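These protein sequence lines are chains A and B, in that order. In case it helps, this note's numbering puts the first sequence at residues 1 to 1007. In case it helps, this note's numbering puts the second sequence at residues 1008 to 1516.
Derived from the structure by calculation, the hints contain no laboratory data. Just so it is clear, the structure is predicted and the values come from calculations on it, not from any experiment. Do not rely on the hints blindly, as some may be mistaken.
For each label pair, taking beta carbons as the anchor points, the in silico distance ranges come out as [stated by the list, open to error]: (1) A:Asp-722 x B:Leu-1128: 45 to 55 Å; (2) B:Thr-1434 x A:Pro-733: 24 to 34 Å; (3) B:Leu-1456 x A:Ala-51: 41 to 51 Å; (4) A:Lys-932 x B:Thr-1434: 44 to 54 Å; (5) A:Gly-611 x B:Phe-1071: 43 to 53 Å; (6) A:Ala-51 x B:Ala-1084: 20 to 30 Å; (7) A:Phe-49 x B:Tyr-1172: 27 to 37 Å; (8) A:Glu-477 x B:Thr-1434: 41 to 51 Å; (9) B:Phe-1071 x A:Asn-673: 22 to 32 Å.
Facing chain A, according to a computed beta carbon distance under 7 Å, are these residues of chain B, among others [unchecked claim]: (10) Thr-1175; (11) Ser-1178; (12) Ser-1185; (13) Phe-1192; (14) Val-1276; (15) Ile-1284; (16) Pro-1367; (17) Met-1368; (18) Trp-1370; (19) Ser-1371; (20) Pro-1427; (21) Leu-1440.
Positions of the beta carbon are idealized from the N, C-alpha and C atoms, including for glycine.
The primary structure of each chain is shown beneath.
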Amino acid sequence: MPERADTKYWTSLAERDASRSSVEDEFPQPLDPTATSVSRRGFLQAAGFSAVAATLASCARAPVEKAIPYLIKPEEVTPGRALWYASTCGGCSAACGVLVKNRDGRPIKLEGNPDHPLSRGGMCAAGQASVLGLYDSRRLKQPLLAGTPTTWADADREVAGRLAAVARDGAVRFLTATLPSPTERSMIGRFLARFPDARHVVYDAVSSSAILDAHLRTHGVRVLPRYRVERAEVIASFDADFLGTWISPVEYAAGWRSGRDLESRPPRCSYHAQLESRLSLSGAKADRRVRAAPHEVGPALERLTVALARVAGVAFRSGDGKVGAEVAAIVDDLALRLWQARGRSLVVCGSQDTDVQVLANLANHLLGSYGATLDIERPSLQRQGSDGDLATLLTELAAGRVAALLVAGCNPVFDLPGGAALAHALGKVPLVVSLAPRLDETARCAGIVCPVGHQLEEWGDAEPVAGVFSLRQPAIEPLGDTRPLVESLALWSGEPRGALELVREHWRSDVFPHQGGEREFEAFWDAAVQRGAVEITPAPSRAGAFRPGSARPLPPSPRPTGLTAVLHAAIAMPTAEHAYNAWLHELPDPVTKVTWDNVAGLSPATAHRLGVAEGDVVRVEADGVALELPAYVQPGQHDDVVAIALGYGAEASRRFADIGPQWLEAGPSVGENGLVGTNAAPLLALADGTLRYERSGVRLSRTGRRRALACTQSHHTLTVPDRLAPGGTDRRPIVEETTVRALAAGPADRLETPEEVKHDLWPEDHPTPGHRWAMVVDLAACTGCSACVVACQVENNIPVVGRDEVRRRRAMHWLRIDRYFSGDEGEVDVAFEPMMCQHCGHAPCETVCPVLATVHSQEGLNQQVYNRCIGTRYCANNCPYKARRFNWFNYAHSDRLADLVLNPDVTVRTRGVMEKCTFCVQRIEEAKIEAKRTGTQVADGVIRPACQQSCPVGAITFGDLNDPTSAVSRAMANPRRFRVLDELNVRPSAGYLAVSRNREEGGYERV
Amino acid sequence: MSEALRLTVPAAPGSLVPPRDSDRHGSFRQPLVVGNKSLSDVTRDICSPMDTRPTALWWGGFLFSFAVMLLGAAAVAYQVATGVGVWGLNTTVGWAFDITNFVFWIGIGHAGTLISAILFLFRQRWRTSVNRAAEAMTIFAVMCAGIFPVIHTGRPWLAFWMFPYPNTRGSLWVNFRSPLIWDFFAISTYFTISAMFWYLGLLPDLATIRDRAGARWRQRLAGFLALGWNGSLRTWQRYETVYLLLAGLATPLVVSVHTIVSWDFATAVIPGWHATIFPPYFVAGAIFSGMSMVLTLMLVARKTMHLEDYITMRHVDVMTKLIILTGSIVALAYATEFFTALYSGNPYERFVFSNRALGPMAWSYWTMVGCNVVSPQLLWFRRVRSNLAAVFVVTIFINVGMWFERFVIIVTSLHRDFLPANWASYTPSSVELATAAGSLGLFFTCFLLFVRFVPVVAMGEVKGVLAYGRAPSGQGQPSASPIMREGGGSGPRSPATSPTGGEGAEVRS
């Protein structure tokens, strides 16, 4: 580098010399600014270093997360292989049997236990979804003392001290929902025995107390009968949704299905009539359905009872209850049918009026149902609530007479009318202990919260029906510092013991002696743990004979004015206990197809009369209680009714404010109140000793606001709108219907007629030399209960997208249930049609994909290759069934705890790729690998997709079509079999069996 | 250049081809270029935007277009970063604005190719005034169109998988049964040919720019781009041969590209898409929309760039007549679709069409009919055709209508297909609107840059149709080449005497 000639100026010689010398003195090297400027070589070196450094830095892979194999592998655990534990579902008090699928130490799926005598392998949607609760990051992880986390030692000391203070003279009350666990019940009994004034009060958020009260009057014992729906040939249901939400729907649906064997010749099919005010699943499946106002249900049942009494020759004086002509006609017809099938018929009633339930008992008594289709010798324990006890407790609480209140398994501040007043009253109780798993409305009012764990973390048991016992075994170590209810009670009773010990002790003393099989308790216990359920002979019931004088005519009641609010449990949200569960919020109600909300359902005529359209926010007012919620126009509902689902608007749903993708135009999943839906419990009434789910004299007014509903279906019939039907475009042949009579007259097999055999452009395009997987869905059996939808979601890691995305019609469910109404707007027939990828032999999706991301397998499956998919969506556009689902966003998998529920056998899809039903290919492959390992063939019925496994009515058949003896091959030969959009010649692998109703009119429709 | 010089230069004795009568007076008995232009007038007029600073109007238009383009770019960036979910699509309606815009832009492009290739082969000499701009429009429109197939995918960074290249994935090939692959080939071919054709046609004009360039960088750049054009007879002869060949290659593309685009729909099973009429219907629609877009642009350019002498009323008249023709074909196709649906007896097909006309999206259908069928009927009247404002309004209507045609086909067919349970609706999101606007912004940004930096009229060709310098009566040999010999070709100087082969020498002299 050339020297630079810097000219230096100085003012004096001294300065010149000084500056030079001082600088040179201080720095041994000259401080030449030019020396520090970067030379070309230096620059190139630095640039080279930077480039290399940047390259090396960016060569680092994403943070490596090491999967460390077991150093000492636990016995039995093989990574990649599932372990199954028999257990009991804790989703509701019906206590169905489940098998818990454990992968690598994590429970990831519940499946129905086929060995369970009640549920017989079926499950419901809420049960399927309940596994998510285990991985709920907002579950309480430790006890709370006055709202702040504390240790169990402190909490126990506090409870013990406070209990000791009130032990002598204070009133101790234990408030629970129905506890199906006999151990828990006995422990509560033992705990309360220490206190002179103690009572265990049981109530149910969806109460059946009137049935128990009625049996107390008619049979002298307060029991809920076990309804043997499977034995009934004629079922008369008076506003009881026994296929949907009533008491034990899985058990009843399985029973209902077994009474309808359409494959035998001639078909054997029960007759099911439904009289109801709103449109329930039971009404949707009824052979005959009639709308009745809620106040007509009692008089209708009375008319039936009178008619039965007349033919039975029993004196029974009628009241003067008036029913409409249509109701009268169906009741008179029903009386005849019931009587002709006496001993094989059943009357069920969902009323909460004890007098009406007494009439139902009388009707069943006259029909000889007791001991046949109705069992009170071995009664059901699935509803034990006593609303009378509850009313007493509420009075005591209001009066401040309760010294200690322990609450477990229920949420009275939310569930009951006057929740705010109750919360206030709880504030006056010296000791309130909540044993809730989450900080719900009631737990917030409790001084001490002693959280219990999830059902999959704790030992427990259940006795849903007298003599039917099942065990609940933990499938994982507790994720938080929680403690089972029985352990807390044992500790507070002064005998600390573990839950397993307590359950075993109870079984040793109360169950083992009544069984006849095993001699050794240990052998009995092991067998029970392995099988999940045992049946024993219970202690003889104290039920007496029917007391003839117990039934009396209904008191005359004035016809209510205005609308009647009918409050009901929803399929997707049986109680607010599940309000934390995003899967259930996103599950469309099978009838309304609405997600993420409860609505005010109005009949089309009423909506028209009031000038209300779907999505208008309406104000429902009764006696000073007002709710605001969006209206929904529901065909098939009675004109005097506004139907509102309970269980919504719980505090636990506040978390969903920002669920789903967040982007420029995203909307929240919650309403203006910050919650999902609106709590309708304030409209309940506790009258005449029972919780009433009907509130008459309701006024409904528009607020002028609108709330677009997140509805997964917006057109509800198979006919196109009249205005758009030139030349009378008729009903689309997408669902076929027939009657039992037509079936009896028709052929026994369905043979492909020559004109149905269509020609192909590429005949040998997709040979299936080995297996050819196919599915048949029996639409006659399908009740729309949606257990399959949730089962599919759990099995296949299907994301929850939130309300706004569902509103935009982007729900991700691989399996959806299309619901079609027919008939006029008042009297409707309903057809449910589960719709999933049809795995077409000539799939329109396959030809259009530019990158071969969807291809056909040699086993007839239409496969989606996620990592090849670039997301043109052409396949989805070209799918006639619109069964494909697109990942519009990267759906949240950020909750690391909730991610533990993911099925490791199924890829979690990224954004921008298409996905759809795979026929649970992971299960197919698992079975094939197992068959290969053992050197056998895959046996028919071994492969059960998640939907089929979960179906309570066995509506889904899956198997190998190349095996002529397989169940699916036989189902394909069923005379009711049709294929949706067969005329397109896309050759779907899914078949459907026609809806068939037990009716006189109507024939076989093969359009 | 002085008037005297111009007058003293004799008509090129060695001129390759003397004009035919029809050239002198135009085949429509009106001159193709009015104003008694000399060759240098042409050069000066056409090059004047490149010689002067842009006007405020240009700046306004450019900045607005550029801003809108940036808005679109931001929308696309947001969408690519977030997901296609930021569009208003849903499970039932999987395509809407994206493919509508794609087909719309592809259609716009067709007029350029029609004018430059087919009209060339048909020796429609009036095309010389508009072909440069129309071809530029084609290229910009195909660029706009090409964006959408890429960004509409869920994972645009993997869109190159549509390209059949040897790879290490086994080797995983593309699906040759998929119309999207056919699309890929059709459009990439179309873009390549169009760009080459346009560039080739630019060569003589680039040489002119080079020759008259003041700034050295400009001269070197233009010289580089002109590929050493020297205006020699041999250069002209080879140029004309290649131009003819490329015209021949481009001609089938006018028909094939939109035919293949229509197969995206026609090969699907969805009622409303699955129609054999689509290829001719789409091609006619494409030319219809392209012609009206050419007119829209040229009417503005004519006014603002003072090209009234080059783009004459006669050009407007001819193009409006083409619009009437193609518009009538499109109207016939609309009617035929309804007849086919009715006659098919297929209830799904029937419903799709009754739903189009009467259903919830009927407004879009009637917008389409109003714009594409009703508004062109005004052009039957000479008074309308000669009223530029009226023609401009009609072309705008047609542009809007043709966009709606694609929207109607895509969205109304999808939103109510086979299973009523799937019926849904569609509303565009703000991001989608911004993306659509952004494609317009890109188009006009490119076009405005084009009018500033490239001769907007093909000077070399226009000079060939001037009346100037021709013998009063047909003498010499008949035309051997359809090329409008100009630029350095058959100007006042023979190519051999022109030092640079371009007009620049003349201008400087």
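Q. Does the structure break any of the earlier hints, and which numbers would those be?
A. 3, 9, 10, 11, 13, 15, 16, 17, 18, 19, 21
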